[in-house]
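Just so you know, the protein sequences line up as chains A and B, in that order. Each residue of the first sequence is one higher than the last, beginning at 1 in our numbering. Each residue of the second sequence is one higher than the last, beginning at 1 in our numbering.
Because the hints were derived from the structure by calculation, they are not lab data. Just so we're clear, the structure is a prediction, and the values are computed from it rather than from any experiment. Keep in mind that a hint or two might mislead.
Heads up, the list lumps identical chains together, so a pair's fine if it works in one copy or across two of them.
Stated by the list, open to error - Derived DMTMM-like pairs: lysine to aspartate or glutamate, alpha-carbon spacing no greater than 20 Å straight-line:
| hint | residue 1 | residue 2 |
| --- | --- | --- |
| 1 | 203 | 191 |
| 2 | 173 | 280 |
| 3 | 252 | 144 |
| 4 | 93 | 75 |
| 5 | 93 | 70 |
| 6 | 269 | 119 |
| 7 | 228 | 144 |
2 protein chains.
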Amino acid sequence: MFLILGGNGYVGTAFQKHLQKLQLPFEVISRAVVDYSDETSLLRLFDQRRPEFLINAAGYTGRPNVDACEVHRTECLQGNAVLPGVIRSACEKAGLPWGHVSSGCIYTGAKPDGSGFTEADAPNFSFRQNNCSFYSGCKALGEELLSGAANCYVWRLRIPFNEFDGPRNYISKMMRYDCLLKATNSLSQLDEFASACVACWTKRVPFGVYNLTNPGSVTTEDVVAMIKRHGLVHKDFRFFDSEDQFMQLAAKTPRSNCVLDTTKAEQLKLPMRPIVESLEMAMRGWVKAR
Amino acid sequence: MFLILGGNGYVGTAFQKHLQKLQLPFEVISRAVVDYSDETSLLRLFDQRRPEFLINAAGYTGRPNVDACEVHRTECLQGNAVLPGVIRSACEKAGLPWGHVSSGCIYTGAKPDGSGFTEADAPNFSFRQNNCSFYSGCKALGEELLSGAANCYVWRLRIPFNEFDGPRNYISKMMRYDCLLKATNSLSQLDEFASACVACWTKRVPFGVYNLTNPGSVTTEDVVAMIKRHGLVHKDFRFFDSEDQFMQLAAKTPRSNCVLDTTKAEQLKLPMRPIVESLEMAMRGWVKAR
Numbered sequence: 001m002f003l004i005l006g007g008n009g010y011v012g013t014a015f016q017k018h019l020q021k022l023q024l025p026f027e028v029i030s031r032a033v034v035d036y037s038d039e040t041s042l043l044r045l046f047d048q049r050r051p052e053f054l055i056n057a058a059g060y061t062g063r064p065n066v067d068a069c070e071v072h073r074t075e076c077l078q079g080n081a082v083l084p085g086v087i088r089s090a091c092e093k094a095g096l097p098w099g100h101v102s103s104g105c106i107y108t109g110a111k112p113d114g115s116g117f118t119e120a121d122a123p124n125f126s127f128r129q130n131n132c133s134f135y136s137g138c139k140a141l142g143e144e145l146l147s148g149a150a151n152c153y154v155w156r157l158r159i160p161f162n163e164f165d166g167p168r169n170y171i172s173k174m175m176r177y178d179c180l181l182k183a184t185n186s187l188s189q190l191d192e193f194a195s196a197c198v199a200c201w202t203k204r205v206p207f208g209v210y211n212l213t214n215p216g217s218v219t220t221e222d223v224v225a226m227i228k229r230h231g232l233v234h235k236d237f238r239f240f241d242s243e244d245q246f247m248q249l250a251a252k253t254p255r256s257n258c259v260l261d262t263t264k265a266e267q268l269k270l271p272m273r274p275i276v277e278s279l280e281m282a283m284r285g286w287v288k289a290r
Numbered sequence: 001m002f003l004i005l006g007g008n009g010y011v012g013t014a015f016q017k018h019l020q021k022l023q024l025p026f027e028v029i030s031r032a033v034v035d036y037s038d039e040t041s042l043l044r045l046f047d048q049r050r051p052e053f054l055i056n057a058a059g060y061t062g063r064p065n066v067d068a069c070e071v072h073r074t075e076c077l078q079g080n081a082v083l084p085g086v087i088r089s090a091c092e093k094a095g096l097p098w099g100h101v102s103s104g105c106i107y108t109g110a111k112p113d114g115s116g117f118t119e120a121d122a123p124n125f126s127f128r129q130n131n132c133s134f135y136s137g138c139k140a141l142g143e144e145l146l147s148g149a150a151n152c153y154v155w156r157l158r159i160p161f162n163e164f165d166g167p168r169n170y171i172s173k174m175m176r177y178d179c180l181l182k183a184t185n186s187l188s189q190l191d192e193f194a195s196a197c198v199a200c201w202t203k204r205v206p207f208g209v210y211n212l213t214n215p216g217s218v219t220t221e222d223v224v225a226m227i228k229r230h231g232l233v234h235k236d237f238r239f240f241d242s243e244d245q246f247m248q249l250a251a252k253t254p255r256s257n258c259v260l261d262t263t264k265a266e267q268l269k270l271p272m273r274p275i276v277e278s279l280e281m282a283m284r285g286w287v288k289a290r
């Protein structure tokens, strides 16, 4: 049996859907019922439920976007850095294998030759570089707290999307923002991400960090061209002149725009399609929010 | 009535002693009775007790020294960064004025002219500089979470000592370590520190950050010379050749050695004696641990 912390969030729901599809039993643990930020409560829960694996899909992201984390710094630090540390400690004590939904947003840019960052590269968009949003800083600290953790997967998600229109979906965001920042990014098709995470455990791939973005990268302009081609929205897209202008007019804190290397996940045949293919599929099957 | 969180620790006990001396009523809140890391519990506590002022002397320091924080990173982050953020939020909601025991160990060195860092200088020994111990990083993050806090004092303590021999007392540590690192530091006589903190509130000095070290600074060699002169211990003191050797042989994480400027506190006549005077008094009245 799987336990999912944060199972009713945007990412957690994708895990639920995927486990249902695989007919694997799971239970969503809600914060209202179990205070999973507390190690003792977690250990009691493990003792009662005897899960085979735990998924931590809980975290603090900020609404409507990452700028909110600049204001809600305590919650952000608690949910993204301390919480994984607490879960690690409980899981190690209970001998329970688990996976943590981390973020690829702890990197900025790409390597000088244009290739992506691998799991062996240290985060370069973090408190330690003093160049990041509070959110990214907390996510990177969370990974520090997991370094050397036993029986633990660290799954890096980036800018999730799928075919369901909604406020957390990257494609929807692109369509709704007044003006866009030109950037190159690796992205994660959300359902493929959940599937790859679960596969880590069912295939018993080695514990450790995994970049779980779709192979490749796209520019904002690429995505806009696809949105237009699929006729998802009819409007003139506008772009900021520069990142400076974006920061001046639209953002409180810098965004991570980056390319990740997915060789490690690909070699283990974790199921993520090339990014353009997944974007095409999402737009072809687009389900508009009502 | 004052509430003291962490009131039974090394620093909290000094607050108790001082408030007793002033005949000011206080209550020590123990973690076993109230989970003060939880905002709702704090608000309930405030509602029941109706304090006029809250002192946060709780924090995670690591035993026997700061190296332990490299291992207990979750507790360190929770106790030194998240906790002040939670208390801030509760105090702001309740309109309760309060003070947080921070640390001067978020600086390293001194200014190019040898003078100390003022409250206006950004910490230079923190995650953002990527040069620090995990403890200092957490303490600096804790101050970030308090920036702009209403009705809040941030009191910076550094390397506490007084006349009572003990494992947390700087003078005792100097006497017990096999080998010492040569460095220049600002220090805080613990009881004067507690007195200065309480005076902030009783004198209603403006809320904000205060360096509450004794004016001036001393070198390790100065302190050793005083220890010898007062005959506190009879042994040959040895020194590391360099900070590199210290790091190689004795430490897991870099130490903050720094000089703080105390002009702000002095101008408000917060009661801290010149450092050499306070050290002399402590050694003259030295009370050996049994």
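Hints and how they fare:
With identical chains, the CA atoms of residue 203 and residue 191 are at most 20 Å apart within one copy only, with a shortest distance of 18 Å there and 60 Å across copies. For a Cα distance limit of 20 Å, the shortest separation of residue 173 from residue 280 inside one copy, 16 Å, qualifies, whereas the shortest one across copies, 66 Å, does not. Taking the shortest alpha-carbon separations for residue 252 and residue 144, only the inter-copy value of 16 Å comes in at or below 20 Å, while the best intra-copy value is 25 Å. In this homomeric assembly, residue 93 and residue 75 come within 20 Å of each other (Cα to Cα) only across copies, at 16 Å, whereas the closest approach inside a single copy is 25 Å.
For a Cα distance limit of 20 Å, the shortest separation of residue 93 from residue 70 across copies, 19 Å, qualifies, whereas the shortest one inside one copy, 34 Å, does not. Within a single copy, residue 269 and residue 119 get their C-alpha atoms as close as 16 Å, which meets the 20 Å cut-off; across copies the closest is 54 Å, which misses it. Taking CA atoms no more than 20 Å apart as the test, residue 228 paired with residue 144 passes in neither setting, with 41 Å inside one copy and 43 Å between copies.
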